[in-house]
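Q: Please work from the sequences and hints to get the whole structure.
Heads up: the sequence lines are chains A and B, in that order.
Quick note on numbering: our numbering labels position 316 of the first sequence as 316, and the sequence is numbered without any gaps.
Quick note on numbering: our numbering labels position 59 of the second sequence as 59, and the sequence is numbered without any gaps.
Hints should not be assumed to be uniformly reliable.
[Stated by the list, open to error] FRET-style restraints, in silico, Cβ to Cβ:
(1) M166(A) with M236(B): 48 to 54 Å
(2) S107(B) with I9(A): 47 to 53 Å
(3) R242(A) with D60(B): 22 to 28 Å
(4) L144(A) with S8(B): 23 to 29 Å
(5) A105(B) with T185(A): 42 to 48 Å
(6) A231(A) with D60(B): 21 to 27 Å
(7) Q14(B) with L92(A): 40 to 46 Å
Don't read these hints as lab results, they were simulated from the structure.
Where a beta carbon is used, it is the ideal one built from N, C-alpha and C, also for glycine.
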Amino acid sequence: MKKEGFHFIAYLGFIAALLLTLTLCVCAGSVALPLRETLQILWRALTGVPQQGARAAIILTVRLPRVLCVALSGAALALCGGVMQGLLRNPLADGSTLGVSAGASLGAILAIALGISIPILNFASTMVMAIIGAMASLAIILTLAYRLDRSFATHTIILIGIIFSMFVSGILSLIIAFSGEKLRTITYWTMGSLQGSTYLNALTLLITLLIFGTIMLLHARELNAFAVGEANARSIGVNVRRVKLLMLICASVLIGVCVSIGGTISFVGLVTPHILRLLTGPNHKKLLPATVFGGAVFLLLSDLAARTLLSPIELPIGVVTSLIGAVVFTVILLRSRKGDMHA
Amino acid sequence: MLEVKHLSAYYGDQPVLHDISFSVQSGEWLMITGPNGAGKSTLMQALLQGVPHTGDVLLDGQPIQALKPRERARRMGLLAQGYAAGYDFTVEEIVRLGRYAYHDALSGFSAQDEAAVEQALAATGTLRLRRSPISQVSGGEAQRAFLAQLFAQNPKLLLLDEPSAHLDLSYQKQIFELIQIWLRHEGRAVTSVVHDLSIARRFGTRVILLDHGRIAADAPPPRALTPALLQEVYGMDVAGWMRIMYDNWAE
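A: Here is the structure:
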């Protein structure tokens, strides 16, 4: 029987590459730590041996939670990008196409600017507000799309998503203009940063990714059908409306959680699936698992660059992903187009 | 096999099809034809539940809305005009999608699924193209790949929406002959939208002539495509024009 997905050995390779990058990112930073000692500290932490000292503190309370959050956000954002590009049959789509990213930002910024705190969950008010923002945006976009055309046509969703994003950016600018002393926090947040991430953040990301990411991965065949064309998908028996709604909801939740923890990190969702498609081909059975690992590695390296390039000044990660992403993307596009021409 | 009762369809408030009723029996090749804007493609989309409509569509006596999409796909499948895949899937990947209705995400391809794919590739002459990206084959070959997908899907009823639009004559001939061979098996039927009245006459066992969303004729080809009816529906002397065209080849 022929298998369309990756072989088991390929997954081992992915995991090895991810672990290697994770270790590198834990070692490197404003204080460079030797590999051997880092591994020892990590091992002791895993086996429950109590540790003291500045280095253990740096690794366990600062770097490790951050690196985990970076890897998980990268994986989630790239996966969402891959899913959206297939679902909407548009290689330029990603989480921001839907307007959900913008909605999540609006929720979070409202929480910061107005100092909204949610009872019981006040430690995670920004996060909860971002998720509410993401879900509310999706609800608004889908309601409008449904009113315009009952079949949830792809171009209607894209169009409304873009209009909605622009509207929300307008509101965001308005809030920023009146934000006074909170300007710095808000601006920094809109550029994206995973500084100060906690284990709780990492756990939230992990659980969300496990649930919603798995649902997405299980729909690889349907996404293949959408990527070929919606009419064709309907003809071969895909429940077009149900799958579309399900994928949009999964992407919204994942993006909402990512934005709530790391702010708006652009380009990962657009570039990662794009680059990986050149290697794996368009089949989502390969593309989606590859984007999970590829997104994690890409964002880990971007975060490392953000921390070390101008050390001790730390750059917002969103700035790095956009700068690196744009250059890498252009080079790859130029090369692949040249290749096409010679082929 | 297929029964359509009082079907009306709308784009917004604009009615496109008015109270259409017809049926398709096993062994039949029903040709739906008519001028641009007569509602042919809308009718196809309505059969697949792709546009809002009123009235009933029954497949094997069951209302089509009551069938799950996969169950429907095992009974009825569509070949549309000039599919262009959004990404560069290989011909084989496209054909394999035809087996979607036969297994779920976890069960994977069975030996039967594999055999159906091989047979479909062989029947449509696309075996040698199986690893070619769809963007790198000709329009006619791409259309054969989608026909192979439809054969792999193995429905009893094929819906074809202008399957040979934009194809040159040799590919047109290939596509229609392949479908003719497919139809020879018992318990199968075809319903297709065509513009070319000669093709409707040559391959159809019955013709429905649509005019402004209504049925102007529903009969075997010679009785449905009469000069008088065509004159009325197309607003021109169709038979006379065809004669002039074919006379050019007489010398």
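Q: Take a look at whether the Cβ-Cβ distance between S107(B) and I9(A) falls inside 47 to 53 Å.
A: Given a distance of about 23 Å, which is not inside 47 to 53 Å, the answer is violated.
Q: Take a look at whether the Cβ-Cβ distance between Q14(B) and L92(A) falls inside 40 to 46 Å.
A: Between Q14(B) and L92(A), where Cβ atoms are some 32 Å apart, the hint is violated.
Q: Assuming the hint says 21 to 27 Å, is it satisfied by the Cβ distance from A231(A) to D60(B) or not?
A: Once the Cβ atoms are compared, 23 Å apart, the range 21 to 27 Å for D60(B) and A231(A) holds.
Q: Is 42 to 48 Å right for how far apart the beta carbons of A105(B) and T185(A) are?
A: For A105(B) and T185(A) the Cβ distance comes to about 43 Å; the hint holds.
Q: 48 to 54 Å was suggested as the range; check whether the CB atoms of M166(A) and M236(B) agree with it.
A: About 49 Å separates the Cβ atoms of M166(A) and M236(B), which means 48 to 54 Å holds.
Q: Using the C-beta atoms of L144(A) and S8(B), is the stated range 23 to 29 Å upheld?
A: Since the Cβ atoms of L144(A) and S8(B) sit about 27 Å apart, the hinted range of 23 to 29 Å holds.
Q: Does the beta carbon distance between R242(A) and D60(B) stay inside 22 to 28 Å, or does it fall outside?
A: holds (23 Å)
The structure is inconsistent with the numbered hints 2, 7, although it conforms to all the rest.
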